[in-house]
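Generate the whole structure from the sequences, applying the supplied hints.
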Amino acid sequence: MNEFSLLIKPSAADCNLRCAYCFYIGRLALAPARPRMSDAVLERTIASYLGSRQATSYTFSWQGGEPGLLGLSFFKKVVKLQLTHAPAQAVICNAFQTNGTLISEKMADFAAEYKFLFGVSLDGPAQLHDYYRKTVGGEATHADVIAGIERLQRHGVEFNILTLVTNRSVKQPRELYGYFKNQGYSHQQYIPCVEFDSSGKPRPYAIDGRQWGAFLCALFDRWSADDVGRVSIRIFDAILEQLIHGKASLCTMGKDCRQYFVVEYDGAVYPCDFFVGDGTRLGNIMDGEWEDFLASQLYREFGMGKAHWCAECAECPHLPFCHGDCQKFRSGNGRAKSVLCEGWRMFYDHALPRLRHIAREMQDHVTVSQNPEGTP
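Quick note on numbering: the numbering used here labels position 183 of the sequence shown as 209, and the sequence is numbered without any gaps.
I should point out that these hints are in silico values taken from the structure, not numbers from a laboratory.
For clarity, every value in this text was computed on a predicted model and none was experimentally measured.
A few of these clues could be false.
Below, a list of computed lysine to any residue pairs in the SDA-like style, where the Cα atoms sit at most 20 Å apart [unchecked claim]: (1) Lys354 x Pro379; (2) Lys273 x Ser31; (3) Lys273 x Arg386; (4) Lys141 x Ser31; (5) Lys141 x Glu184; (6) Lys207 x Ile217; (7) Lys160 x Pro113; (8) Lys363 x Arg386; (9) Lys160 x Thr82; (10) Lys160 x Cys45; (11) Lys354 x Gly305; (12) Lys363 x Ala240; (13) Lys106 x Glu69; (14) Lys354 x Glu327; (15) Lys273 x Gln215; (16) Lys102 x Ser64; (17) Lys354 x Gln237; (18) Lys103 x Leu33; (19) Lys141 x Thr82; (20) Lys141 x Pro113; (21) Lys103 x Arg62; (22) Lys273 x Pro379; (23) Lys273 x Leu378; (24) Lys141 x Glu131; (25) Lys160 x Glu184; (26) Lys102 x Gln237.
Now the structure itself:
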């Protein structure tokens, strides 16, 4: 396996927000005050990745914490280094995941020029979003996020809306979808909030499997009634891609967790955003090579752990679509059933017949387009 992307955290977990449900903010205590990626680590990361293999495309995902804390000058350096070290004919994709509050006109203009794809965290209308997503000082953030999105729109920057489905929003799927549609946000991602305390008890803001299933079913019914081909919802798109091409485009749907590497501000390399810790540290890019990380026993074991699903999963007709779900959602050292299993079963039982029909229509459309009437 030599195809991989990078998820880079240039400011570690540092952020200007303190979202109540953030799973990564605890990492900030392990970093120095105001952690920032040095120029040396940045250049080594970019140059080594672009020189790691013969490929046509390379994906850099900038995340945090909040990567916007690095400022526009940092990302100008990023692009300059990418242009310097890129192989001939390489296609470079930069994805920027942000809370949206620090998007300036200059940043939006820069993102448009170099075709950055933004993922903006927005949990719905103000009364939902502001409940958990507040600044360090406890202030609401919804208005600042909307202002940031409007700057992206003015400059023609492509963006997705990233929504964490919590114990509050899980009860309002139709209202949530209607809000995003009315705002004109045509690319949406919904992520289940699954977090546990030290005793293994779900956090107050987390959801359970039945809630997730009911949410997805209602969301699907609203979307499939009028908006197929008009609104992109990532989970539905991924299922359609699986049905048509047999390809798992979401890591949670795959049978192996070796799809990307996390690079922390200091160059430390890990196999997954949810599993950044001493037990999963693969090394450091300042004194290691990507081929060594790819070949490491720790990385192999972590990736193959996805296939260690429970016996009940092995009998499930929906296994090809989840392969036991994310390892984070499985207890028993990752070998037990996902806490969202009941919800996934509800959703797939409900939506798969219609999704299969949509997939057939999409395939028929491609066939007709490629072979119009009268063409041999």
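Evaluated hints:
1. Straight-line distance between C-alpha atoms of Lys354 and Pro379 comes to about 29 Å, which puts the hinted pair past the 20 Å bound.
2. Using a Cα cut-off of 20 Å, the hinted pair Lys273 and Ser31 holds, with the two alpha carbons roughly 17 Å apart.
3. For the suggested pair Lys273 and Arg386, the alpha carbons sit about 16 Å apart, so the restraint of at most 20 Å is met.
4. Taken as a hint, the Lys141 and Ser31 pair is honoured in the structure, with Cα atoms around 17 Å apart against an allowance of 20 Å.
5. A hinted pair counts as satisfied when its Cα atoms are at most 20 Å apart, and Lys141 with Glu184 qualifies at roughly 8 Å.
6. Taking the CA atoms of Lys207 and Ile217, the gap is about 18 Å. The hint holds against a cut of 20 Å.
7. At most 20 Å may separate the alpha-carbon atoms for a hinted pair to count; Lys160 and Pro113 exceed this at roughly 42 Å.
8. A hinted pair counts as satisfied when its Cα atoms are at most 20 Å apart, and Lys363 with Arg386 does not qualify at roughly 31 Å.
9. For the hint linking Lys160 to Thr82, the alpha-carbon distance of about 40 Å lies beyond 20 Å, and the restraint is violated.
10. Our distance criterion of 20 Å between C-alpha atoms is met by Lys160 and Cys45, whose separation comes to about 6 Å.
11. Restraint check for Lys354 and Gly305: satisfied, since their Cα atoms lie roughly 15 Å apart, inside the 20 Å limit.
12. The suggested pairing of Lys363 with Ala240 holds, with an alpha-carbon distance near 19 Å, which does not exceed 20 Å.
13. Taken as a hint, the Lys106 and Glu69 pair is honoured in the structure, with Cα atoms around 10 Å apart against an allowance of 20 Å.
14. Pair hint Lys354 plus Glu327 holds up; C-alpha atoms about 15 Å apart against a cutoff of 20 Å.
15. A threshold of 20 Å between alpha carbons decides the hint, and for Lys273 with Gln215 the separation of about 19 Å falls inside it, so the pair holds.
16. A hinted pair counts as satisfied when its Cα atoms are at most 20 Å apart, and Lys102 with Ser64 qualifies at roughly 14 Å.
17. Restraint check for Lys354 and Gln237: the C-alpha separation of about 18 Å stays at or below 20 Å, so the hint holds.
18. Note on Lys103 and Leu33: the hinted pairing holds, with a Cα-Cα distance of about 17 Å set against a maximum of 20 Å.
19. With a C-alpha separation of about 17 Å, the suggested pair Lys141 and Thr82 falls inside the 20 Å cut-off, and the hint holds.
20. Between the alpha carbons of Lys141 and Pro113 the distance comes to roughly 19 Å, so the proposed pair stays at or under 20 Å and holds.
21. Taken as a hint, the Lys103 and Arg62 pair is honoured in the structure, with Cα atoms around 14 Å apart against an allowance of 20 Å.
22. Restraint check for Lys273 and Pro379: satisfied, since their Cα atoms lie roughly 19 Å apart, inside the 20 Å limit.
23. For the given pair, Lys273 sits about 16 Å from Leu378 by alpha-carbon distance, which is consistent with the 20 Å threshold.
24. At roughly 15 Å between alpha-carbon atoms, Lys141 and Glu131 fall within 20 Å of each other, so this suggested pair holds.
25. Distance restraint check for Lys160 and Glu184: the Cα-Cα separation of roughly 25 Å exceeds the 20 Å cut-off, and the hinted pair is therefore not satisfied.
26. At most 20 Å may separate the alpha-carbon atoms for a hinted pair to count; Lys102 and Gln237 exceed this at roughly 43 Å.
Hint compliance for this structure: hints 1, 7, 8, 9, 25 and 26 are broken, all remaining hints hold.
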